[in-house]
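Participant: Let the sequences and hints guide you as you build the complete structure.
There are 2 protein chains.
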Amino acid sequence: MTKAEGGKRIDLSATDRIAVVAGSGRLPVNVADCLADAGHAPFIVLIDGETDPGTSLWGYEGKALAIEQFASLVQLLRRERITHLVLAGGISRRPVWRAIRPSVPLFRILPRALAGLARGDDGLLRTLVSLIEDNGIKVVGAHQVVPDLLATEGRIGAHAPQDGDWADLRAGLEAARAIGALDIGQAAVAIGGRAIALEGIEGTDLLLERVRDLRTNGRIAGRKRGVLVKCAKPGQEMRADLPTIGPATVDAAHAAGLAGIGVEAGRSFVLDVGDVVERADRLGLFVVGVTGERGNT
Amino acid sequence: MTKAEGGKRIDLSATDRIAVVAGSGRLPVNVADCLADAGHAPFIVLIDGETDPGTSLWGYEGKALAIEQFASLVQLLRRERITHLVLAGGISRRPVWRAIRPSVPLFRILPRALAGLARGDDGLLRTLVSLIEDNGIKVVGAHQVVPDLLATEGRIGAHAPQDGDWADLRAGLEAARAIGALDIGQAAVAIGGRAIALEGIEGTDLLLERVRDLRTNGRIAGRKRGVLVKCAKPGQEMRADLPTIGPATVDAAHAAGLAGIGVEAGRSFVLDVGDVVERADRLGLFVVGVTGERGNT
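So the sequence lines, in the order shown, correspond to chains A and B.
Terminal number for the first sequence in this note's numbering: 453, no gaps in between.
Terminal number for the second sequence in this note's numbering: 453, no gaps in between.
Just so you know, the hints here were simulated from the structure itself, not pulled from any lab data.
The structure displayed is predicted, hence computed values, not measured ones.
Possibly wrong hints are sitting among the right ones.
Okay, derived cross-link-like pairs now, DMTMM-like style, lysine to aspartate or glutamate, Cα gap no bigger than 25 Å in a straight line [what the hints assert, rightly or not]:
#	chain 1	residue 1	chain 2	residue 2
1	A	LYS164	A	GLU358
2	A	LYS294	A	ASP304
3	B	LYS294	B	GLU217
4	B	LYS380	A	ASP339
5	B	LYS219	B	GLU289
6	B	LYS219	B	ASP172
7	B	LYS380	A	GLU309
8	B	LYS294	B	GLU224
9	A	LYS380	B	GLU358
10	B	LYS294	B	ASP204
11	A	LYS164	A	GLU309
12	A	LYS380	B	ASP339
Facilitator: Laid out in structure tokens, this is it:
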């Protein structure tokens, strides 16, 4: 599948028609709006119970699908003459198997779907992707069609890291890479030149909540500054799970008493970048795109 | 300083006299009782506000010292004709500098103490250790004088890992080693063959509390079994911070819904091993000493 090194930018032509399978969170909203701004208003596959309500996603051409109707996704995309598909956002709910109705599309993909299922959720997703691609539709990474969402190198916003923050950025990046290599998490918090908290399955929100608690209950009370670092894992599958930060990350980092955020340039998304910059500037946090083995900009 | 590979067993002779600086927790209690059982009843340096009250430590010959009196430790040890010293247990409080009274011992060590202090808490500790050793007293690791406290290879207690638990033990060990190499933590929790939570500065208790919460709030609800793995970091300073488990670890692992605990054989302490076995057997948890690059027993 497309690796970090592979996923080159794709220039959509006037005849291309792109669809976005919109899971939860701000990524699908950012992807759709960016595509529309570039003159490629997307077709949105809204997933029941996953796509966030009340966003611009509901204003585009599209169709709502229950997660149990995954077998009919290929038919839908063919009917709409889709040429490129982006999978964006989280899908947290698993199909309720007894809610799946027998159908021709289902029976057609069943053998492969079952084989994929035996390999876990990830296996099912990969099976779906290969089914879609067998029908001549390219499954592409969000970064390939809306590269503007990727973190750029260097300062993002008004504030820059202080000299002393670079030790934290390096320690955080080193730790985030190490746990990424083991496919455990994408984020680390470093304070005083040392990684002190690592992201597991709990996610970045709970990681930052933990750091906030550690600030108040004494373990790291009195220690100033510190950073959150997020980076992609080595060999990251760029079509899913690319690290993201957004305005809520800035708020949570601030609540955790951190001085700033480092994100891997070119391999992480900064969502709602206008709001990110506005909040970071107002709260006095830096946001910086880092790269290279040593976390230099 | 003594590395994991170095710290060989020391056979105390009848003329040797050993002292234990007793910080918090069960380790100093286990060390003192083991030494007494072997016929080397220790002299205990009780640290105000750190040594746990109501333990057997208070029944040995000894003297209470405030953390601010660290400068007089060398004099005390010389007066008691101590030949070997073990530092055991946690020291969480830092000296209150205005509570330190000027004294001859203090002025004698001040230049080196200040230099050590400039390198942080760890630097101060190392300075103290070298001061003590300059006075002909050997600072030794607990494992060197009471090797019986070390985890042994294989099953500890009645229950053994099931076949499927070995993938968790390997994943947990791999993750704990990776974060140990970066000097971040010593423990990891793995479920379903994947590390899902990593220990940072918060410690093992809060790590297990987090896993318990993740079981109940849905992130890993429905996933059975799983293990806690603790191991020493590569190049571990064996005279401090060797990983430990005890009865409370068994209780917390059980509360987190885990099937068992893996500890690095020969480089971790199992404290109050009788209670550990009794609780693990009763709760149905396995405790196993693991070793080798692949976590095989």
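Participant: Does each hint fit the structure? Answer for all of them.
Facilitator: Comparing the hints with the structure gives:
1. With a C-alpha separation of about 31 Å, the suggested pairing of A:LYS164 with A:GLU358 is violated against the 25 Å cut-off.
2. Proposed proximity of A:LYS294 and A:ASP304 is supported: the alpha carbons are some 20 Å apart, at most 25 Å.
3. Between the alpha carbons of B:LYS294 and B:GLU217 the distance comes to roughly 20 Å, so the proposed pair stays at or under 25 Å and holds.
4. The hinted pair formed by B:LYS380 and A:ASP339 meets the criterion: a straight-line CA distance of about 20 Å does not exceed 25 Å.
5. At roughly 20 Å between alpha-carbon atoms, B:LYS219 and B:GLU289 fall within 25 Å of each other, so this suggested pair holds.
6. Distance restraint check for B:LYS219 and B:ASP172: the Cα-Cα separation of roughly 19 Å lies within the 25 Å cut-off, and the hinted pair is therefore satisfied.
7. Restraint check for B:LYS380 and A:GLU309: not satisfied, since their Cα atoms lie roughly 42 Å apart, outside the 25 Å limit.
8. Distance check on the hinted pair: B:LYS294 and B:GLU224 sit about 23 Å apart at the alpha-carbon level, within 25 Å; holds.
9. Between the alpha carbons of A:LYS380 and B:GLU358 the distance comes to roughly 17 Å, so the proposed pair stays at or under 25 Å and holds.
10. Our distance criterion of 25 Å between C-alpha atoms is met by B:LYS294 and B:ASP204, whose separation comes to about 24 Å.
11. Between the alpha carbons of A:LYS164 and A:GLU309 the distance comes to roughly 18 Å, so the proposed pair stays at or under 25 Å and holds.
12. Taken as a hint, the A:LYS380 and B:ASP339 pair is honoured in the structure, with Cα atoms around 20 Å apart against an allowance of 25 Å.
Hints 1, 7 from the list above are not met by this structure, while the remaining hints are.
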